[in-house]
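Peer 1: Residue numbers (the working numbering), protein chains in the order written: chain A, 3 to 267; chain B, 67 to 777.
To be clear, the hints were calculated from the coordinates, so they are not data collected in a lab.
Don't be surprised by glycine CBs; every beta carbon is placed ideally from N, CA and C.
There may be inaccurate statements among the hints.
[As the list claims (entries may be wrong)] Below are the BS3-like pairs computed for lysine-lysine, each with C-alpha atoms no more than 30 Å apart in a straight line: (1) A:Lys201 x B:Lys325; (2) A:Lys52 x B:Lys325; (3) B:Lys325 x B:Lys137; (4) A:Lys191 x B:Lys480; (5) A:Lys54 x B:Lys428; (6) A:Lys191 x B:Lys536; (7) B:Lys701 x A:Lys201; (8) A:Lys206 x B:Lys137; (9) B:Lys137 x A:Lys201; (10) A:Lys191 x B:Lys360; (11) B:Lys137 x A:Lys191; (12) B:Lys498 x A:Lys201; (13) A:Lys52 x A:Lys4; (14) A:Lys240 x B:Lys496; (15) A:Lys206 x B:Lys325; (16) A:Lys206 x B:Lys211.
[What the hints assert, rightly or not] Between beta-carbon pairs, the in silico distance windows are: (17) B:Lys737 x A:Val175: 29 to 39 Å; (18) A:Pro238 x B:Glu716: 30 to 40 Å; (19) A:Arg233 x B:Lys428: 24 to 34 Å; (20) B:Lys737 x A:Glu39: 26 to 36 Å; (21) A:Tyr35 x B:Glu742: 51 to 61 Å.
[Said to hold, decoys possible] Which stretches of chain A does chain B cover? Using the computed rule of at least three CB atoms under 8 Å from a CB of chain B, they are: (22) 216-229; (23) 245-254.
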Amino acid sequence: MKIMVPVKQVAALDEDFEFRDDERDVDEDFLLYDLNEWDDFSLEEAMLIKEKAPEGTVEVVVVSVGPERVDESLRKCLAKGADRAVRVWDDAMEGSDSVTVGGILAAVAKKESPDMIFAGVQSSDAANGSTGIATAAALGWPHAAVVAGLEYAPGANKAVARRELEGGTLQEVEVACPAVLTIQLGINKPRYASLRGIKQAAAKPIEGLSLGDLGLTPADVGAGVALSRVRRMYVPPKGRAAMIEGTPAEQAARIIEIIKEFKGE
Amino acid sequence: MQITRVLFENFQPKAIYLFYAFGYAAIAVFAWGAYTQIRKYRRGQPDPSWGNLAARFVDMVKIMLTHRTLKRRDTAAGKAHALIFFSFLTLLVGTATITLEYDILKPLTGWQFWYGKFYLLFSLVLDFAGVGLIGGLLYMMYRRKWLKLPKLDYARPDREPGDPDYDRSGYRREDWAFLWSLILIGITGFVLEAARIVWLADRPAVWDVRWWSPVGAALAHAMQGAGLSAEGASALRGALWWFHGLLALTFIACIPYTKIKHIFTASASLMFRDPLAARRLPKIPEEQASAGYKTITDLTWKQLLHLDACTKCGRCHEACPANAVGAPLSPRDVILSLREFANKTMNSGKLPEAAELDIHGKGVGQVFMETLWSCRTCLACVEICPVAVEHVPIIVQMRRKLVEDGEMEPILQKTLQNIHKSGNSFGESKRKRAAWTKALPFTIKDARKEPVDLVWFVGDYASFDPRNQKVSQAFARLLHHVGVDFGLLFEGEINAGNDVRRVGEEGLYELLASGNIGTLQTCDFKTIVTTDPHSYNTIRNEYPEFGGQFEIQHYTSVVKQLLAEGRLKLNKKLDYRVTYHDPCHLGRYNKGFDAPREVLKMLGCELVEMGRNRDNSFCCGAGGGRIWIPDPVGKEKPSQNRMKEAGAIEGLQVFVVSCPKDLTMFEDALKTSGFEGRFVVRELIELIDECVEYEVWEEVQPQPEPEAAAP
């Protein structure tokens with residue numbers, strides 16, 4: 003029994019950041035990298051299942067698509083108890099969109115043939131919320147998104163997932179396995195990876211996969227096949243807010259005035 | 067007839083044999099107990115304190131002879147103990163001398179010295195010792211029974227009434243049994259002596275020298291006055307002789323099994339004490355797979371010995387800030403819990419399975435996670451323990467295990483991750499570390515780029531906390547004004563790691579320490595200075611083990627020196643009525659008690675000490691990473707407890723601190739404990755700042771952005 007957990011190393015902004023000269027992204031100098039917050043929860047969910055099952059029966063494999071710096075985040079996953087870590091990269095993959103990344107992950111899944119895939123709902127930097135679902139689509143697997151509660155016994159042919167919807171409602175769905183679930187924050191309490199644990203995980207190997215290993219060609223990935231591209235990244239001008247002082251009547255009069263101004267009267 | 071000790075007179079040989087049988091039995095029982103205890107200690111891990119034995123022994127003897135540690139903060143008990151100790155020792159030596167002569171020297175060499183003047187003098191000395199022993203014990207009984215000391219009621223803050231190990235009445239019974247058995251041995255000794263004098267009143271070798279045993283003689287006269295005949299005295303002596311002898315032998319047999327063993331364990335504990343305990347926490351060997359203590363056998367032999375050295379005196383219980391505010395921690399109960407656990411699991415021939423040796427949990431003798439996280443590593447317990455029990459290293463080792471298992475408050479977890487990611491506990495950008503210098507009208511040198519005399523290691527709170535930034539700016543002005551050649555590490559500095567290490571995140575500590583050491587080693591400087599006692603402690607005491615040998619001073623001693631040398635001139639004197647709070651890491655940890663007080667004096671302040679000062683300073687509650695964990699709502703905080711103490715000082719104007727965390731904690735507590743407006747909390751630097759007349763800054767050129775100054 004195997005659970006595959008796709009993870010992403012996300013970028014966070016340092017204060018006082020600057021944009022790249024082409025204005026399509028933040029200058030790399032101002033980015034701090036860390037494991038995507040959602041992935042802490044999806045990995046934890048897999049770890050909980052692994053630890054509940056008899057020892058050695060459940061294998062947790064973390065997979066990430068990204069350059070060498072991603073190893074650091076994969077090590078953190080190993081420190082938390084993942085059995086194996088796989089990093090997929092080829093320079094041709096630079097600029098891939100989330101659907102392409104989903105395809106790459108699906109290719110890894112075909113190789114690994116996991117019983118379940120737990121992805122995060124979204125990444126905190128790009129926030130497309132689509133990689134997990136794209137993986138399911140590429141595999142032709144059922145999926146459940148924004149899972150806030152899960153009942154699943156290792157090896158079972160179905161799982162019950164509670165999906166978080168608007169207004170605090172939950173939708174309980176039964177999904178046939180294998181399936182892709184995208185895990186929501188708060189489903190569990192992610193464990194702490196101690197620095198010693200991370201250091202010790204440095205001794206564990208991180209398996210590397212490239213295009214050829216997955217039966218892909220440079221033409222299948224990268225910016226060239228992306229369905230969308232970034233045109234510009236910028237900080238919008240700050241909105242204006244003003245406190246309206248005075249008696250209720252005066253405040254009302256001022257509001258009417260503002261509305262008229264906006265309507266162009 | 068010669069004047070000598072009456073020994074076995076009128077005893078049938080059978081009776082003497084019987085007595086020897088009892089004697090050997092007692093020795094055998096003692097030896098077995100000693101063996102099992104030593105076997106228990108040997109089941110612990112190696113400890114670096116082994117070695118240097120001669121020097122350690124001399125140190126131990128000094129402490130025992132002066133009773134220095136026992137007299138602290140409880141002079142009466144210390145003196146009573148000294149009385150018991152020296153009397154007991156004298157009586158022991160006296161009795162041992164009889165054995166030496168009668169059982170060893172006489173049978174082997176025929177030599178006897180127990181005669182005449184020597185005997186009489188000895189008799190006199192032993193009588194005094196007997197009085198001392200009984201007197202000391204009587205005070206101890208009075209103290210236990212009538213003084214109603216809270217530290218002796220054994221109430222446990224970490225267990226609820228009804229919990230299986232809440233009840234400590236067994237300890238109370240043992241305390242009383244100990245006192246009674248000793249005092250009965252003493253009293254029966256005197257009555258026995260008196261009965262012998264009455265019985266042998268017609269023998270000049272006894273009667274004529276009776277006043278060499280003054281207590282016995284006085285009692286003998288009283289007995290005669292009460293009409294006791296020589297025959298009656300003989301019968302009394304026979305019965306009492308056996309009672310006294312058997313009681314004493316039982317006492318000896320009981321030593322390894324009861325609190326009496328502290329005679330040995332406390333001495334050994336003192337002998338192996340570590341002067342840097344908790345000031346320098348133990349490294350984890352590279353090859354060790356798991357961090358910290360999980361099982362009782364993870365403790366070192368010395369720590370297992372510490373557990374047995376504790377006499378439950380309660381000084382740590384009284385000094386502990388966590389215990390004072392009702393947190394579920396008493397250092398004494400941690401030690402006693404672990405002792406009970408060790409005795410339950412490690413005294414038999416074979417050790418149980420590892421699962422039964424786990425010291426974490428909610429079971430009997432196990433230590434709760436909440437208990438461990440309540441500790442502020444302020445060192446009050448270690449510092450006051452009269453028998454050198456080192457509680458804090460055990461607590462931190464146990465926390466290391468909790469950290470490895472992620473058993474901590476989520477907010478603490480978040481802080482540790484922040485420190486890992488950004489190098490500071492505020493989660494601020496590394497680039498902003500020196501942002502506080504922007505407000506200064508001069509540029510501070512970058513110690514990474516040019517040589518300086520003094521590298522200022524600023525620390526997180528002094529760098530990022532807005533209130534403390536003002537203090538940092540004041541100190542920078544002061545150094546600049548005096549013309550000290552100083553520089554900063556700017557964004558090269560990361561959290562020093564003192565508190566991270568005390569939380570138990572050793573891996574992160576190693577990363578931080580080696581990071582700072584690496585940066586400092588590339589710089590050219592003479593001394594490090596810091597306003598942060600926490601950074602001061604770890605750089606001074608712990609960095610050397612990671613290859614960082616630096617000279618470091620706390621700013622208080624630097625300023626004291628500048629003032630004394632006349633380099634820093636005070637423009638005016640302050641007439642404030644102040645009190646001074648010793649930061650744990652400057653005071654107790656590193657004995658920096660005097661410099662701040664001398665500076666206050668030079669400033670002209672009237673210093674009124676709080677009751678708990680210097681080594682007994684009361685922690686603000688921020689240590690051991692507790693500044694990152696909110697205290698429970700609705701309960702008193704240690705800082706509020708401290709404010710109340712300061713508030714009792716009449717006419718207090720300023721509560722002076724010399725630690726960034728203290729400033730944060732106490733300014734908050736000032737408000738929440740209702741003393742706002744009555745007095746203010748100030749950093750010592752701010753008081754100095756008031757007295758210095760600075761040059762006019764406007765003439766100085768504007769300073770470039772620190773970002774631009776750094777690579």
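Peer 1: Run every hint past the structure and note whether it holds.
Peer 2: Hints and how they fare:
1. With a C-alpha separation of about 45 Å, the suggested pair A:Lys201 and B:Lys325 falls outside the 30 Å cut-off, and the hint is violated.
2. This hinted pair does not check out: A:Lys52 and B:Lys325 have alpha carbons roughly 48 Å apart, beyond 30 Å.
3. Our distance criterion of 30 Å between C-alpha atoms is met by B:Lys325 and B:Lys137, whose separation comes to about 20 Å.
4. Restraint check for A:Lys191 and B:Lys480: satisfied, since their Cα atoms lie roughly 12 Å apart, inside the 30 Å limit.
5. Restraint check for A:Lys54 and B:Lys428: satisfied, since their Cα atoms lie roughly 22 Å apart, inside the 30 Å limit.
6. For the hint pairing A:Lys191 with B:Lys536, the CA-to-CA distance comes to about 39 Å; that exceeds 30 Å, so the pair is violated.
7. Taking the CA atoms of B:Lys701 and A:Lys201, the gap is about 39 Å. The hint is violated against a cut of 30 Å.
8. About 56 Å separates the Cα atoms of A:Lys206 and B:Lys137, which puts this hinted pair outside 30 Å; it is violated.
9. Taking the CA atoms of B:Lys137 and A:Lys201, the gap is about 48 Å. The hint is violated against a cut of 30 Å.
10. Note on A:Lys191 and B:Lys360: the hinted pairing holds, with a Cα-Cα distance of about 22 Å set against a maximum of 30 Å.
11. Proximity of B:Lys137 to A:Lys191 is assessed by CA-CA distance (about 50 Å); at most 30 Å being required, the pair is judged violated.
12. Distance hint between B:Lys498 and A:Lys201 is fulfilled; the C-alpha atoms sit about 28 Å from each other, no more than 30 Å.
13. At most 30 Å may separate the alpha-carbon atoms for a hinted pair to count; A:Lys52 and A:Lys4 meet this at roughly 9 Å.
14. The straight-line distance between the Cα atoms of A:Lys240 and B:Lys496 is roughly 26 Å, inside the 30 Å bound, and the hint therefore holds.
15. For the hint pairing A:Lys206 with B:Lys325, the CA-to-CA distance comes to about 50 Å; that exceeds 30 Å, so the pair is violated.
16. At roughly 63 Å between alpha-carbon atoms, A:Lys206 and B:Lys211 are farther apart than 30 Å, so this suggested pair is violated.
17. At about 51 Å, the CB distance of B:Lys737 to A:Val175 disagrees with the hint of 29 to 39 Å.
18. For the hinted restraint 30 to 40 Å between A:Pro238 and B:Glu716, the CB-CB distance of approximately 60 Å leaves it violated.
19. The hinted window of 24 to 34 Å between A:Arg233 and B:Lys428 is violated, with their beta carbons roughly 59 Å apart.
20. With their beta carbons about 35 Å apart, B:Lys737 and A:Glu39 fall inside the hinted range of 26 to 36 Å.
21. Taking the beta carbon of each, A:Tyr35 and B:Glu742 are about 44 Å apart, not inside 51 to 61 Å as hinted.
22. As drawn, the region 216-229 of chain A meets chain B at 0 residues by the rule of a beta-carbon pair under 8 Å; below three, the given contact is violated.
23. Residues of the region 245-254 of chain A lying with their CB closer than 8 Å to a CB of chain B number 0, which falls below the three-residue condition for coverage.
Going down the numbered hints, you'll see the structure goes against 1, 2, 6, 7, 8, 9, 11, 15, 16, 17, 18, 19, 21, 22 and 23, while the others check out.
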